[in-house]
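6 protein chains.
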Amino acid sequence: MVRRYVRQMADGDVVEEVYLTTDKQLRANRNGNLYLQLELRDRTGAISARMWNAGEHLFKSFDAGDFLFVKGKVQLFQGALQMILNSLERVGAEGVDLADFLPHTEQDVSKLYERLRTHMMRLANPHLRALAECFLMDADFVRAFCRAPAGVRVHHAYLGGLLEHVVTLMDLADRVAPLYPDLDRDLLLMGVFLHDVGKVRELGYDRAFSYTDEGQLIGHVVIGVEMLNEKVRQVPDLTGEPFPVEILLRLKHLIVSHHGTLEHGSPKLPMTPEAIALHHLDNLDAKVHIFLRDIREDGNKSSAWTQFNQALQRRLFKGGGGEADGSLLAGDEA
Amino acid sequence: MVRRYVRQMADGDVVEEVYLTTDKQLRANRNGNLYLQLELRDRTGAISARMWNAGEHLFKSFDAGDFLFVKGKVQLFQGALQMILNSLERVGAEGVDLADFLPHTEQDVSKLYERLRTHMMRLANPHLRALAECFLMDADFVRAFCRAPAGVRVHHAYLGGLLEHVVTLMDLADRVAPLYPDLDRDLLLMGVFLHDVGKVRELGYDRAFSYTDEGQLIGHVVIGVEMLNEKVRQVPDLTGEPFPVEILLRLKHLIVSHHGTLEHGSPKLPMTPEAIALHHLDNLDAKVHIFLRDIREDGNKSSAWTQFNQALQRRLFKGGGGEADGSLLAGDEA
Amino acid sequence: MVRRYVRQMADGDVVEEVYLTTDKQLRANRNGNLYLQLELRDRTGAISARMWNAGEHLFKSFDAGDFLFVKGKVQLFQGALQMILNSLERVGAEGVDLADFLPHTEQDVSKLYERLRTHMMRLANPHLRALAECFLMDADFVRAFCRAPAGVRVHHAYLGGLLEHVVTLMDLADRVAPLYPDLDRDLLLMGVFLHDVGKVRELGYDRAFSYTDEGQLIGHVVIGVEMLNEKVRQVPDLTGEPFPVEILLRLKHLIVSHHGTLEHGSPKLPMTPEAIALHHLDNLDAKVHIFLRDIREDGNKSSAWTQFNQALQRRLFKGGGGEADGSLLAGDEA
Amino acid sequence: MVRRYVRQMADGDVVEEVYLTTDKQLRANRNGNLYLQLELRDRTGAISARMWNAGEHLFKSFDAGDFLFVKGKVQLFQGALQMILNSLERVGAEGVDLADFLPHTEQDVSKLYERLRTHMMRLANPHLRALAECFLMDADFVRAFCRAPAGVRVHHAYLGGLLEHVVTLMDLADRVAPLYPDLDRDLLLMGVFLHDVGKVRELGYDRAFSYTDEGQLIGHVVIGVEMLNEKVRQVPDLTGEPFPVEILLRLKHLIVSHHGTLEHGSPKLPMTPEAIALHHLDNLDAKVHIFLRDIREDGNKSSAWTQFNQALQRRLFKGGGGEADGSLLAGDEA
Amino acid sequence: MVRRYVRQMADGDVVEEVYLTTDKQLRANRNGNLYLQLELRDRTGAISARMWNAGEHLFKSFDAGDFLFVKGKVQLFQGALQMILNSLERVGAEGVDLADFLPHTEQDVSKLYERLRTHMMRLANPHLRALAECFLMDADFVRAFCRAPAGVRVHHAYLGGLLEHVVTLMDLADRVAPLYPDLDRDLLLMGVFLHDVGKVRELGYDRAFSYTDEGQLIGHVVIGVEMLNEKVRQVPDLTGEPFPVEILLRLKHLIVSHHGTLEHGSPKLPMTPEAIALHHLDNLDAKVHIFLRDIREDGNKSSAWTQFNQALQRRLFKGGGGEADGSLLAGDEA
Amino acid sequence: MVRRYVRQMADGDVVEEVYLTTDKQLRANRNGNLYLQLELRDRTGAISARMWNAGEHLFKSFDAGDFLFVKGKVQLFQGALQMILNSLERVGAEGVDLADFLPHTEQDVSKLYERLRTHMMRLANPHLRALAECFLMDADFVRAFCRAPAGVRVHHAYLGGLLEHVVTLMDLADRVAPLYPDLDRDLLLMGVFLHDVGKVRELGYDRAFSYTDEGQLIGHVVIGVEMLNEKVRQVPDLTGEPFPVEILLRLKHLIVSHHGTLEHGSPKLPMTPEAIALHHLDNLDAKVHIFLRDIREDGNKSSAWTQFNQALQRRLFKGGGGEADGSLLAGDEA
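Chains as they are written, first to last, in the working numbering: chain V, 1 to 334; chain F, 335 to 668; chain C, 669 to 1002; chain S, 1003 to 1336; chain E, 1337 to 1670; chain Y, 1671 to 2004.
Worth flagging that the hints you see were computed from the coordinates, not collected in a lab. Please note that a few of the clues may not be correct.
Quick list of in silico lysine-lysine cross-link-like pairs, DSBU-like style, CA-CA up to 35 Å [said to hold, decoys possible]: (1) K24/V x K739/C; (2) K1320/S x K231/V; (3) K1303/S x K231/V; (4) K1730/Y x K1567/E; (5) K635/F x K621/F; (6) K1303/S x K301/V; (7) K1730/Y x K1303/S; (8) K692/C x K741/C; (9) K1988/Y x K899/C.
Cβ pair distances, simulated, as ranges [said to hold, decoys possible]: (10) D1184/S x D206/V: 24 to 34 Å; (11) S1780/Y x L238/V: 38 to 48 Å; (12) Q1361/E x P244/V: 51 to 61 Å; (13) Q975/C x V96/V: 24 to 34 Å; (14) E1599/E x G1057/S: 47 to 57 Å; (15) P578/F x G1094/S: 40 to 50 Å; (16) A1048/S x D474/F: 54 to 64 Å; (17) F308/V x P1906/Y: 50 to 60 Å.
What you are looking at is a predicted structure, and each value in this text was computed from that prediction instead of being measured. Beta carbons are placed, not taken as given, at the ideal position from N, Cα and C, and that holds for glycine.
One chain only, chain V, in its complex shape:
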């Protein structure tokens, strides 16, 4: 049977489906009767749900983070939809398809991975190609790399988002590099692969997107250097030669400087042509991706402008006529 996703619900719908519960509270109404207030979620969104006349026993029968099979009815309340539940029951994670509960890339992951692999096997420099192999031979790494989001919230924040971002960047680098013959194409492509590699350990992406303790305390920049150090040790087994010191230094520098400025968390400014190119390409892909997505997903058809985007500190122009409404940035005034 086809799953009923949160985004598809409408006022009046009757629902029997499994959702991830991400928040639960036991409350009393004005008459002192207890009810449950939950947040239910799948990969398309979240909805709040209430179950009247619920007791402490039911409340303790599950935890936030569990999957619940619920029966209920969708209702419009204070401008938003909510679900009134008739029953709920905890179900084990084994019975559910996790892919239903976290957003994932709309692209085909195996094709993305093939493009990644192709780019890496085309590297002309044998040391870099061997390094690439060391990463791709590590099945655990590949699994994580294909699954990780590129971020928790700002851009490519869905399963496979990291892979999608990196592969698009490789395509970009592949097209841009020929315009600058002095640029070291292999270094740039390897830099693209490595720059965010630390995110597979920085982020958690099992049931919800989050930062791991390591991610929060150390960050993907330093983790990325650690991961590079681990793999580079294996390269001489493949090439029969020591890995060139200067290339290693340049790779670490690509990771370390890719945020472009200290304020954005790079402990070093880009100081090689490949590093500055990587930084600007990374920025280009991330920003264009956000702009196009915000415009595509903006629900309000009656305005020529998107909702205010907090991270960008601006609204975007969708066009198609009409006046901008009055809730624009006060900062524009003199």
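Here the structure of chain V is known, so what remains is to put chains F, C, S, E and Y in place on it, guided by the hints.
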């Protein structure tokens, strides 16, 4: 009959009046009964309104932005007034006095305009005086200039606000210029007139204050230069001479630099005495206007301090005794 | 009888106790019946309270800031506790122990004061020791100094907090100074004593923590210099010598520069070794104090991280396992 | 005869050649004898020159900015080369090849222009293609556009530099656009063409690179909008239709926002996908160009690092071994 | 006999005059012969001077800061004038007119002071008028206030500069206040008088302009509050009433906040209408003064632009034709 | 024989000594005769030297970075000492005591190391103590750690400077920790040891202080984490247990965050009490060290103020009377 304004309403009032509706929602209460939730507005403020047992038919009979003739009763709810409606009916814009629905200057617009005209006709430089005439001969422009607010929210945000701001600035410039004999009085006054002229196209002020698409995408600085270019082409017809290149450059510079710094949206820093004087006079009038208004309009008589002003990032001292209360800026602590 | 503190309340408790009321409103419910909505507070926290079917007479029988003896029942509502009152009655401040209504240091104030006194009497420089005596002989000052918080919200925001902060800083200075023999230990200790002395007038701390008008308009830096000027005039009576000009200058400089940078409200940068040492020690104690307190007081045992601290713009790591949850700073993303 | 360029000179050379004089001074040595001190320049660099026993008559026979035919000898002095002149004579600009005196692009301008033309004629949108034609039909404009540098000092600071920068950007845009199907390729390419078009009036590039008064007071952003307004008026003659309002707005926005932030002189932030893409591509090309040039032109073969670049606030890594020397940024220390 | 000022000197002049020596060095030339290198100065400028074959005896016969009677000849050397001395002799300060050695206002100090006095005696508030009297009755203060510069370098940096700045500001305030009826005119004028009053102790202006130790360590903002405190104590003797607490607070706030932001050295932001007006008027006068002076004094008649002004971070437009030269801010490039 | 140091030289001295040459140039004087211009250096400073009538043969007989045995005479020239050489001869590094050519700590390195060792052996946590042992057992590391400066220029810029800084910080931490019982003393001390450990590879300190390529491209923060990773792998051999994951994370975090803010090169903000304490203690020691050194070493006895310190952006008050001179920061003016 005298209009019943939003600011005059009190708990228990019975109201029959026309308001602008700026938000509408159809909601269901806990029992599944539908009701309408609206925002009603006139130039003195806004109030939320509910109409119980309303259906989709009524909901679709009007749009946000329409005028509604409503009958209902005012009631205190959760610390604020709201209206419970018994009936509502859409009325056309032709039947209403738009002046009732947008705040406007407390000064007499025709007198303000006379002061503007007098200042401009006193310009000694024949090119500048002819330029002024070209603007004042354009009836559409004059109508817009007399109607536009100076901003959507921060200062002089009411109909006629732009005119009021510009005329006060001209009075200021007229009094200040004699103290600096080397300052070109005519340039300064023309700069005052032109600096915000682009706001007549940057802002929308028909039913609510907003930014137009053009205003949001280009801004009044660039629009102002465009408007100057349009008018300056007509000047030689009046003077029989080409408009002096350097004067035109200085006028554009006055528009382009009047925000004073790049961060505030001026693509060029002030580089002439008239430009730096205009910038500081503009700032003086805007800030003193806000300070005096915030203090005058602050409703809380029991505190020596106004509410926190987000744009100024501070509270203002009204004086008259008492202690400052505890909700002051934490940033003051060491 | 033991007092029932706000922090001890649980769902279902019956309460008869005195609280400070810090907010009061008269509201109507949907049926038009009036009720009172209050905020009740003691030194352990605040709770909102409702009294149904209350009239204007009762509403006017007390003011925000008064103490109320209330009877009622505690109830869980929308995830938080609230109290439903059966009766309330204003009581005079004379009948209550003010210490119950403002948070205070957990340390023994008289012992803290003894440590302060000891440090000051050990000053080797006779002028500085005499200056210390002039402050300590002033009973009003000592009372205020022992009672003032060090801030309204950010750090040491409780009665006795200023004293606790200053004494800890003196202990620090006492231990650190011997490592830098060229540092003038007496100047540094006197600087520690004086740097925040203006807070006794900057802050109000009778019934709630707030800024006084003087505190808000002038600030403790300038007030501190004024207080120093008042006391230094009395020193020659004790020493029989004029107070050395350069020492006075250095003391004022210690007060004026202790925030370290202009942006943090010091009109002058630290320009003496003692001034720079004071600035960094002050910072050290304030920050370590906040970090340890946030971690100690964080209620959520299931997370390795504290709540987001607005003033620090970060969450703190408590450790003990688990993943960081997803509500971390978006700013960490690239 | 082959020209003797400044960059080719060596200690002991005898020179007879024409140079542009960019500075002249009449000085007295310790014995009171007068001598001329000049700066001579061609497109490869500058050298200082002295002529002993020169009098006021000779000094007044030419001005800075004139071309001089000089005879003299090259000499090493205090680590730099200088010329000791035996004779000098002013020559008219008509007799010299201006191309010898200003640096110009190493690429073939007519080929660059052909690429520009090709890109523009491939625009699918008829309005934009017609607009492109209006620019390309204007021979004066094309001449200036092919000659202008992209800047006075920082990047592409040579004749033809603007054209080279724009054509490279068009190639970039052409390759990048297909990766983002929702991006409007035509708008982006037209934005690339227009973004710096105002530089043909902002900069002076007859005998030396400079800002014009208009450039300094108004800037190429506003000038670019003016130039667009002029040309767009002619488009309907070609298309027989009015130029679409929204497209014009989007084009102006591309010009106005291309610096990306207010601090960098854009009065508006990019708010369309094409505008953000243009900003990042512009940045990419400018920065990669500077990095590659600095590394290529760095004369010091014994260091792995370039000289410190003031605009970038860093030195660049050339590699090839060796230690970084000690004159690195002190800011790196903790 | 008319004094020969530094600014009047020309190549070849023979000079016999007294100058202030502000730097002295004993050097050896390449042959090992010793010579004196001095800087000589009067209120119109400085010139370097050499005396050949001078010995240690002569070198020790005077100190930097002494007045010297010198005989010598003016000579052009490396583009600048220098003096070759034949003799020098120390003269006492009693024999010289100090006014010859420090720049002073071009206005008549006694007339400026009369305007100050008139403004202050017109204050309607008796407490403020009495406070003004307390300052004006203090002859030492009046002497210093009429003599002090408003700054060491940036604006009004000449004897009488403080008085000139304050009186111009009072004229400004007098003309501007009537446009804002809610502004307290008396407070504003008293604020103008007090805002920089601390500069009489902050600056040294006996033989050269400098900061005093007190000025450097504490600053004129805090000193100004100290001076106000001293005088306000005497006011009740004149008025027979205590000085109103709130007015005193407002006056201190005017001093403390007049720099407008923390970064500019004000420990508090302006929080009253008079304080914000004072801040902007102060800025207006200082900036317009600098702009007009830079343009008036710029020596280079062949450029439409002034020299780069470091404090303003820009060059100013003088106009009158010509191109801007190439040494403009690189920051203008994209 | 006692070495003749640069700092001891006086006008007229005859010198026969070995110096490090750090710059060499071959120049021609006005008559075309060649001479050598060198910079000679030892650990007390640098002096420039000339050798007249030198030819290309001699010039090529040595390189910058070589040691030269020179004979010559010291002479005052243009206010500074220089040496006129009669002969020079390259000598091998084996014959010289390197300690003579780089500044080193005035403290006894072996005693400093003993204090370090003692602190580390007192760590109560067995894992941390074992980790300390792993570092101290590595003789190459210990040698480098005892020799490295703490910086190239700003603070502790001399051989042994890193050790001195770290040991002082350990003493500080040892005294401060008991005042905050909740602070993990062992973690803090280990953090002190590790925070700058990467500097042994970041800096070059053989013949002059510099950044290594690795130091410049990656920085000591990331290098420090790499070094920790290397050593921590060895710990289980000593303890027989895996190294606790959370402790390792906390140690890395201490390294990564010790600069306190992103702008200062820390990719993560301090998020543990030990990390914030380390940051502030590090700052305290570095700044107090600089302040005391600048005041101690300032040569100008006639001023109460030190020279302007570029890194601190201020001058320091030495006291002892006198006026501050006029060359103070213009930024202090309003």
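Any hints from earlier that this structure breaks? Give me their numbers in increasing order, please. Of the numbered hints, 4, 6 and 15 do not hold.
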